[in-house]
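Colleague: In case you want the letters, here they are:
There are 2 protein chains.
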Amino acid sequence: MKIIELKETITASNDRDAAVLRAELKEKGTLLVNLMASPGAGKTTLLERTIRDLKDEMNIAVMEADVDSDVDAVRIEKIGAKAVQAHTDGMCHMDAGMTRRALEGLGDEPFDLVVLENVGNLICPAEFDTGAGKCVMLLSVPEGDDKPLKYPLMFSVSDVLIITKTDVAPYFDFDFDACIARAKKLNPNITIFKVSAKTGEGFEEWEAWLKSAVKNWKN
Amino acid sequence: MKIIELKETITASNDRDAAVLRAELKEKGTLLVNLMASPGAGKTTLLERTIRDLKDEMNIAVMEADVDSDVDAVRIEKIGAKAVQAHTDGMCHMDAGMTRRALEGLGDEPFDLVVLENVGNLICPAEFDTGAGKCVMLLSVPEGDDKPLKYPLMFSVSDVLIITKTDVAPYFDFDFDACIARAKKLNPNITIFKVSAKTGEGFEEWEAWLKSAVKNWKN
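From first to last, the protein sequence lines stand for chains A and B. The opening residue of the first sequence carries number 912 in our numbering; numbering runs sequentially from there. The opening residue of the second sequence carries number 912 in our numbering; numbering runs sequentially from there.
Keep in mind that a hint or two might mislead.
Any copy, or any two copies together, can satisfy a pair, since identical chains are not distinguished.
Straight-line distance between alpha carbons at most 20 angstroms, and here's what the computed DMTMM-like set of lysine to aspartate or glutamate pairs gives [as the list claims (entries may be wrong)]:
1. Lys939 - Glu1020
2. Lys1095 - Glu1116
3. Lys1126 - Asp1088
4. Lys1095 - Asp979
5. Lys989 - Asp1057
6. Lys1095 - Glu959
7. Lys966 - Glu938
Honestly, the hints are just simulated from the structure, not real lab data.
With these hints in hand, go ahead and build the complete structure from the sequences.
Modeller: Now the structure itself:
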């Protein structure tokens, strides 16, 4: 498994770099999904189950971005998807130039879907367009339903909000209706799923959305 | 309750600004604790219980730092401690200059303990000395025991690690021994507590440490 050491690229041109990268990926028919969340919200666990369910239908790769370690890329490789581990040189987010370098690490194989698992952080990754076709964020039940109030930008820039770890909802005071209303107030177009990787709740709906997004990206 | 709108200060002199602020607070006998964690790790909930238990023994104030909202400062005021809400103008951390401005918002009253509840983020706050006498980080059980591998700097700069939400440990695969070994490998001097704000587990030990730290700061 490849580990790629990155440096932040010049941010002045980030929006342009991101638009160029997105256009190139569209041309290739590769949907890049930028997956964002707090540390420990369940990004890798969601990917493990999603890849297991979809890998016979599409060619999937994952770019794991972390300040350090390669534990997530090792987990993804174990379930049979191609993965690279990107180290961000201490940076708290990925930008378009870093994403391009990580994509190069995946080689020339054509992928239908590449997921960038961004650094665990509810703030900074929301500020940088990576060139992704879709932005998907996770919020886990243990984090609490007030997070849209405190981290509004992340909810505003995401196409999809997946509320994870619903199996432990009985042990936490998480008001789903309040959370969803807060997210929709920031972003009326956001699509919301509730999932549990333990029980499988909600995966059918999330994966149907993802398959449709991959298909639409190719048209 | 006061809301203070902040801008990032010049970081080149941040270490010096932090040292000056720390010396001033030492002179006044005020211990500033920089409380750091991911979003939703339980910082405000820990503070609520700690303040309830200790407010008759010492004069405590809290500075809540968030990108937006005032929900945390409202919670702290409800239990009878002085609180200010600092808005970071989108910034993902507090620096020494921002901390000084937030402290000014607390007024001239002498405090034994001021807690800065930093922005929810396991990366950026670890990079900026705020002038605090002690750095305390939380890691919640639902986040997972691998976090020291992925966010090493936060564990390296903290004097204390509090593992929170231990009451839900039966519902998560969290290896306490592995987590503690990983944290100690990064920072052999780190003091570790395991707490549950729901059951009260571990609060006696944490509060004994805090009382001792406040007392030592005055000597």
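Colleague: Does each hint hold? Answer for all of them.
Modeller: Quick rundown of the hints versus the structure:
1. Lys939 - Glu1020: within (11 angstroms within a copy, 64 angstroms between copies)
2. Lys1095 - Glu1116: Within one copy, since 19 angstroms is at most 20 angstroms while 42 angstroms is not.
3. Lys1126 - Asp1088: neither (31 angstroms within a copy, 45 angstroms between copies)
4. Lys1095 - Asp979: between (34 angstroms within a copy, 17 angstroms between copies)
5. Lys989 - Asp1057: Between copies only: 17 angstroms across chains, 35 angstroms inside a chain, cut-off 20 angstroms.
6. Lys1095 - Glu959: neither (28 angstroms within a copy, 30 angstroms between copies)
7. Lys966 - Glu938: neither (22 angstroms within a copy, 63 angstroms between copies)
Hint compliance for this structure: hints 3, 6, 7 are not met, and every other hint is.
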